[in-house]
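**Student:** In case you want the letters, here they are:
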Amino acid sequence: MSEAVLMQGNEAAVEGAIAAGMRFFAGYPITPSTEIAEGSAVRLPQVGGKFIQMEDELASIAAVLGASAAGMKAMTATSGPGFSLMQENIGYGAMAEIPCVIVDVQRAGPSTGLATSPAQGDYMQARWGTHGDHPVIALSPSSVRETYTLIIRAFNLAEKYRTPVIFLMDEIVGHMREGVELPKPSDLIINRRKMSFHDGANKQAYYVPEGRYVPAMKPFGQGERYNITGNAHDASGFPTNSHEIAGRLVGRLLDKVERNADDITRVEEYAMDDAETAVVCFGGTARAVMSAVLEARRAGKKVGMFRPVTVWPFPEKQLCRRLPQLKSILMVEHNHGQMLLELRRAVGRDRPVHFLGRIDGTVISPQDILAKLEEMEATDDAE
Amino acid sequence: MPSDLIHQYMRIDHLPQMWCPGCGNGVIMRDVAVAIQELIEDPDLHFNREDFVIVSGIGCSSRAAGYLDFNSIHTTHGRAIAFATGIKFANPKLHVIVLTGDGDCSAIGGNHLIHAARRNMGLTVIAFNNNIYGMTGGQYSPTTPNGERATTAPYGNVDRPFDIANLATGAGASFSARGDVFHARETIDIIKQAIQHKGFSLVDVYSVCPTYYGRKNRKGDAVDMLKWQRENLIPTARYYSMPEGERAGKKLIGILSINDYPEYTEEYAKVVDAVRKKGKG
Amino acid sequence: MRFAGSGGQGVILASVIFAEAAVISGLETVQSQAYGPEARGGVSRAETVLSREQIWYSRVTRPDFLLALTQDSLDSYARSLAEGAIVMADDSLVVPEGLDRGRVISVPILRTAGETVGKAFTANIVAVGAINRALRLFEPETLTEAVRRHVPAGTEELNQKALAAGEALITPEMSEAFAQKWE
Numbered sequence: 051m052s053e054a055v056l057m058q059g060n061e062a063a064v065e066g067a068i069a070a071g072m073r074f075f076a077g078y079p080i081t082p083s084t085e086i087a088e089g090s091a092v093r094l095p096q097v098g099g100k101f102i103q104m105e106d107e108l109a110s111i112a113a114v115l116g117a118s119a120a121g122m123k124a125m126t127a128t129s130g131p132g133f134s135l136m137q138e139n140i141g142y143g144a145m146a147e148i149p150c151v152i153v154d155v156q157r158a159g160p161s162t163g164l165a166t167s168p169a170q171g172d173y174m175q176a177r178w179g180t181h182g183d184h185p186v187i188a189l190s191p192s193s194v195r196e197t198y199t200l201i202i203r204a205f206n207l208a209e210k211y212r213t214p215v216i217f218l219m220d221e222i223v224g225h226m227r228e229g230v231e232l233p234k235p236s237d238l239i240i241n242r243r244k245m246s247f248h249d250g251a252n253k254q255a256y257y258v259p260e261g262r263y264v265p266a267m268k269p270f271g272q273g274e275r276y277n278i279t280g281n282a283h284d285a286s287g288f289p290t291n292s293h294e295i296a297g298r299l300v301g302r303l304l305d306k307v308e309r310n311a312d313d314i315t316r317v318e319e320y321a322m323d324d325a326e327t328a329v330v331c332f333g334g335t336a337r338a339v340m341s342a343v344l345e346a347r348r349a350g351k352k353v354g355m356f357r358p359v360t361v362w363p364f365p366e367k368q369l370c371r372r373l374p375q376l377k378s379i380l381m382v383e384h385n386h387g388q389m390l391l392e393l394r395r396a397v398g399r400d401r402p403v404h405f406l407g408r409i410d411g412t413v414i415s416p417q418d419i420l421a422k423l424e425e426m427e428a429t430d431d432a433e
Numbered sequence: 267m268p269s270d271l272i273h274q275y276m277r278i279d280h281l282p283q284m285w286c287p288g289c290g291n292g293v294i295m296r297d298v299a300v301a302i303q304e305l306i307e308d309p310d311l312h313f314n315r316e317d318f319v320i321v322s323g324i325g326c327s328s329r330a331a332g333y334l335d336f337n338s339i340h341t342t343h344g345r346a347i348a349f350a351t352g353i354k355f356a357n358p359k360l361h362v363i364v365l366t367g368d369g370d371c372s373a374i375g376g377n378h379l380i381h382a383a384r385r386n387m388g389l390t391v392i393a394f395n396n397n398i399y400g401m402t403g404g405q406y407s408p409t410t411p412n413g414e415r416a417t418t419a420p421y422g423n424v425d426r427p428f429d430i431a432n433l434a435t436g437a438g439a440s441f442s443a444r445g446d447v448f449h450a451r452e453t454i455d456i457i458k459q460a461i462q463h464k465g466f467s468l469v470d471v472y473s474v475c476p477t478y479y480g481r482k483n484r485k486g487d488a489v490d491m492l493k494w495q496r497e498n499l500i501p502t503a504r505y506y507s508m509p510e511g512e513r514a515g516k517k518l519i520g521i522l523s524i525n526d527y528p529e530y531t532e533e534y535a536k537v538v539d540a541v542r543k544k545g546k547g
Numbered sequence: 112m113r114f115a116g117s118g119g120q121g122v123i124l125a126s127v128i129f130a131e132a133a134v135i136s137g138l139e140t141v142q143s144q145a146y147g148p149e150a151r152g153g154v155s156r157a158e159t160v161l162s163r164e165q166i167w168y169s170r171v172t173r174p175d176f177l178l179a180l181t182q183d184s185l186d187s188y189a190r191s192l193a194e195g196a197i198v199m200a201d202d203s204l205v206v207p208e209g210l211d212r213g214r215v216i217s218v219p220i221l222r223t224a225g226e227t228v229g230k231a232f233t234a235n236i237v238a239v240g241a242i243n244r245a246l247r248l249f250e251p252e253t254l255t256e257a258v259r260r261h262v263p264a265g266t267e268e269l270n271q272k273a274l275a276a277g278e279a280l281i282t283p284e285m286s287e288a289f290a291q292k293w294e
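Residue numbers (this note's numbering), protein chains in the order written: chain A, 51 to 433; chain B, 267 to 547; chain C, 112 to 294.
Pulled out of the complex, with its shape left as it was, chain A reads as follows (with noise of 0.2 Å):
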């Protein structure tokens, strides 16, 4: 017998969640995420931790936010009706640096569109979903084990960072089965709400010192008074109406993600290292992918996956490596073309980028992908 047990995609969401640490989890039930509350329901007494099932979705954040300042690793998750309903307040965690993570199974929009079929249309939405300039991180898994994995990295990144992390799962991997055998926890954990302010600046709570990007955080409730606001503010947290010190904040806000994009993007390469084309996608989509580079490569066609496992911030740099020895580029995609915006701004606008994506709630099948693979190859050959 092996050790492998057989887990769905959600509740993975789940199990790895508790081992980084999540002790705190609000939500309101959609689909196709309601298995992760369930499963934080049952689980989170058992290992001490508490969960709440709130009215909606807007006050489920707001809930998850509170826990966070007073000290508790918090989640959420939901879909895309329930994301958008979330918005406001990701933004006002992104402003007033409160680590979380919030799950977004996404399924068919746009609206109620069709709540248990697969869709990758959010991707968009994690990054500008929230009003004005702020920073987003987002990550997104393709298979039951990557879930339980990349949350994991989904709390470092959050605390690490101080920020609201999206983690971008689709229906296609949070209700879907697979043997997995979950590795031994990691040690490795970041909880870095243990520490004093930073010093100097009288011990202000966002101060932050020179050539660094994050405020120290200590919860509420542990000795230190001080004052948390969505309004601009300054280093010791109280709203400001000084354009230089709001300019300042809003920029370090940005600079402490991309300035750290080498830290924070990961991605996956399958078969690049001689690929002459090159299939990018991300989550569920790799799974169709997978199969279709196998057979293209059995068939004697110099073709890769490029995953990206990080989608915000989108990596570029990793991405533009490749590009000398590339002779074409298929995004593949369930939406009318969302990644591709990103993935042709980062490559440029004179080396075409083709397209398969899928809008009507079905999945994409390597069939799909090998077809329009030989259809690039006869559009190529004809020019």
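To be clear, the hints were calculated from the coordinates, so they are not data collected in a lab. Ideal placement from N, C-alpha and C gives every residue a C-beta, glycine not left out. Check before you lean on any hint, since a few could be wrong.
For each label pair, taking beta carbons as the anchor points, the in silico distance ranges come out as [to be verified]:
(1) C:E250 - A:E319: 26 to 32 Å
(2) A:D183 - B:T417: 30 to 36 Å
(3) B:I306 - A:R395: 52 to 58 Å
(4) A:V92 - B:E532: 19 to 25 Å
(5) A:L238 - B:K359: 55 to 61 Å
(6) B:I524 - C:A264: 38 to 44 Å
(7) A:K377 - C:R190: 36 to 42 Å
(8) A:D183 - B:E316: 33 to 39 Å
(9) A:H293 - B:I524: 48 to 54 Å
(10) B:G413 - A:G273: 50 to 56 Å
(11) A:P233 - C:A231: 56 to 62 Å
(12) B:N525 - C:G119: 39 to 45 Å
Add chains B and C to chain A, keeping to what the hints say.
**Tutor:** This is chains B and C only, laid out in the frame that chain A set:
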């Protein structure tokens, strides 16, 4: 005493506060500070200053969180009670006090108010109720009386108003009370009881907004508005000794309902204990 | 393998049980489902992929096996089978034209659940027992363990009874014939 209070419990470098001359919010903020001070200084009680967290939403009222020298969090419009729920549940030893307004807690945040009342988690909500949206310049709120004027009710308000204290009672709040600006001592005592109450507590404190609500509706200046409170808002003992006929049009200042319902974080802790015992057994 | 029926019949669970049995036996497996918004009624479909090698694409386009518990699901999914696929259908269903009858196992799953086991909702477990014996997929102990992991505590005995009743629907001759076709 007042200056002592300011030095001890307010953030001097952030004063003077931003409210208009004659606004009732400063008085209510002082009532809250005095109530907390008296609880902390009472040797028979064991209130620790570091355990207080002040949570506010958006609006005139919500600026109070920044002036009070405690752990404070100024959140988003309507969501203060939901943030507070997360804070209290994460660390139940904290005394979590929500400072909110009539718009913040009964319009955009109305859903959170009724569910917090139902859930009975030990939060204290102080509603600074001035019958108007002040921060945005005088639009009608859910507590603007029917027929009165606001910038968005130029011909008189068609809506019927909420009575926030009754709303909380109706939603199952285990403690619901009403206070006002004029009866400061009574209001301080009510707030003290609310904070000591185990479970959800709400105090609907009638503020005055001479700048918008008063001016739009010919209520006179702040003094005239406080006189109205003196005549029409009646503390408990006097209210119940009045002949019933005289109570018409007047409102009670005091506790409207108080019940000993199980408190949420305590009930959840029991669940956790039971689950963990079972897990070990 | 595709499992199809109406919401509430437990075809997803049947599919999960085979995936669990695969995990216990050290096989690679991916299980997924497509279902409508209804908890009861509507079309429900679940798929399990079994392999000795790593599985990438999680969906089944042309299954080698189909379980159908309703006429609708039999009619629609009979059209998208792999060549030589085996179908198990409840014997109350009419086998559609064009389907090779020699490859259809028609057995009284629903009636057995209702009458022999005594609980109509055990039809999915009856089917699991019948499928396993007909195709000789897993050792009986493995399947029993897989079922145990996925049914509510206290119902193990009932489900064991359902599993046995399902196995009993398949005669040794049927098992011999279909297991060969499956291979």
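**Student:** All the hints need checking, so say for each whether the structure fits it.
**Tutor:** These are the hints, each one checked on the structure:
1. For the hinted restraint 26 to 32 Å between E250 (chain C) and E319 (chain A), the CB-CB distance of approximately 40 Å leaves it violated.
2. A hinted range of 30 to 36 Å holds for the C-beta pair D183 (chain A) and T417 (chain B), which are about 32 Å apart.
3. Take I306 (chain B) and R395 (chain A): their Cβ atoms lie about 57 Å apart, and the range 52 to 58 Å holds.
4. Between V92 (chain A) and E532 (chain B) the beta carbon distance is about 21 Å. The supplied range of 19 to 25 Å therefore holds.
5. A beta carbon spacing of about 31 Å between L238 (chain A) and K359 (chain B) contradicts the range 55 to 61 Å that was offered as a hint.
6. For the pair I524 (chain B) and A264 (chain C), the supplied restraint of 38 to 44 Å holds, since their beta-carbon distance comes to about 43 Å.
7. At about 39 Å, the CB distance of K377 (chain A) to R190 (chain C) agrees with the hint of 36 to 42 Å.
8. The supplied range of 33 to 39 Å is met by D183 (chain A) and E316 (chain B), whose beta-carbon atoms lie about 35 Å from each other.
9. As the Cβ distance of H293 (chain A) to I524 (chain B) is approximately 49 Å, the hint placing it in 48 to 54 Å holds.
10. One distance hint, 50 to 56 Å for the beta-carbon pair G413 (chain B) and G273 (chain A), holds here, with the actual separation near 52 Å.
11. The hint said 56 to 62 Å for the Cβ distance between P233 (chain A) and A231 (chain C), and at roughly 42 Å that hint is violated.
12. Between N525 (chain B) and G119 (chain C) the beta carbon distance is about 42 Å. The supplied range of 39 to 45 Å therefore holds.
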